[in-house]
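Colleague: Numbering (the numbering used here), first residue to last: 1141 to 1381.
None of these hints come from the bench; they were simulated from the model.
Here the structure is a predicted model, which is why all the values come from computation and not from measurement.
Just so you know, not all the hints are guaranteed correct.
As the list claims (entries may be wrong) - Per label pair, the in silico range of CB-to-CB distance:
1. R1245 / R1179: 53 to 63 Å
2. A1297 / T1166: 34 to 44 Å
3. D1336 / P1363: 44 to 54 Å
4. R1245 / R1372: 43 to 53 Å
5. N1314 / R1178: 23 to 33 Å
6. A1297 / P1161: 20 to 30 Å
7. E1332 / Q1279: 19 to 29 Å
8. P1161 / K1298: 20 to 30 Å
9. M1347 / N1314: 48 to 58 Å
10. R1276 / R1350: 46 to 56 Å
11. A1297 / R1179: 53 to 63 Å
C-beta atoms are modelled at their ideal positions from N, C-alpha and C, and glycine is treated no differently.
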Amino acid sequence: MTAHDWFTEHSAEFAARTLDPADEATFQAHLERCEECRREVERIERELAWLPLGAPPVTPRPGLRRRIAEYALGTPAPRWTRWAVPIGAAAGLLLAAAGWYAGDRRAASLAGEVALSRHRLAAIEDTLSVMRQAARVLQARIDMDGKQGGLVIFADAKTHRWNVVMHGLPPAPNGRYQFWFIYADGMVRGAEVQGDPSRPVMFTTEMPSRAGKVMGAALTLEPMDAKDGPPRGKQLAHLML
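Please take these sequences and the hints and turn them into a complete structure.
Modeller: Shown next as structure tokens:
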């Protein structure tokens, strides 16, 4: 491997800003004197410009902070007069039951929000790890009913996982989108894809658990009743490794 090969292999990591600070500084200095690498980095940056590389911040629901404070601090018990002791006892029991129920509901709600945030963070970290280690980035154009979209695959040779990104896909007309793995002896079903023209669709997938080498990938528009067997619908995109 030559020194220039190193810069060529790490162009995607530099464009995604995932290199170590020292390597990023070295790459930046190299770009000032290498026109070929500058063009490659600019191309990758244009391809990555639309990717959702972050999760938007979640705004707490109105009154959430106040409810947490009330639950933690509690409220002082009211002072009842002697003649209202029986009523006060009954009201106290009612308030205690209501407070326990509300507190239990708040705790469950907060636990659910924390679990959801952790799940989203883990998914983002997993996606970025595959993109960072991707040895190859493949892309193909999708033409459908006068509209253009795209298929991009980040292939991680170490973990044998792919990040698959599709953009510009309208909702499937009278069918469903199907992702395929291409083998020498045929095609194996991957994930079913839901089209959304307003934003890219991204998923991480592992290689099928069968003998043979994956040679490429494809996207087809399958009939609704085609849930097994070989492709029966129109092929929209085709990529070979």
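Colleague: Would you mind marking each hint as holding or not holding in the structure?
Modeller: Consistency of the hints with the structure:
A hinted range of 53 to 63 Å for the beta carbons of R1245 and R1179 is consistent with their spacing of about 58 Å. Between A1297 and T1166 the beta carbons are some 23 Å apart, a value that contradicts the proposed interval 34 to 44 Å. For the pair D1336 and P1363, the supplied restraint of 44 to 54 Å is violated, since their beta-carbon distance comes to about 21 Å. Distance hint check for R1245 and R1372: the Cβ-Cβ separation is about 49 Å, which falls inside the suggested range of 43 to 53 Å.
Separated by about 46 Å at the C-beta atoms, N1314 and R1178 break the suggested range of 23 to 33 Å. For the pair A1297 and P1161, the beta carbons lie near 25 Å from each other, so the given range of 20 to 30 Å is met. Between E1332 and Q1279 the beta carbon distance is about 21 Å. The supplied range of 19 to 29 Å therefore holds. In this structure the hint that P1161 and K1298 lie 20 to 30 Å apart at CB holds, the actual value being about 23 Å.
Taking 48 to 58 Å as the suggested C-beta distance range, the pair M1347 and N1314 does not conform, at roughly 31 Å. The hinted range of 46 to 56 Å is not satisfied by R1276 and R1350, whose Cβ atoms lie roughly 21 Å apart. Taken as a hint, the range 53 to 63 Å is violated for the pair A1297 and R1179, whose Cβ atoms sit roughly 25 Å apart.
This entry does not satisfy hints 2, 3, 5, 9, 10, 11, going by the numbered hints stated previously.
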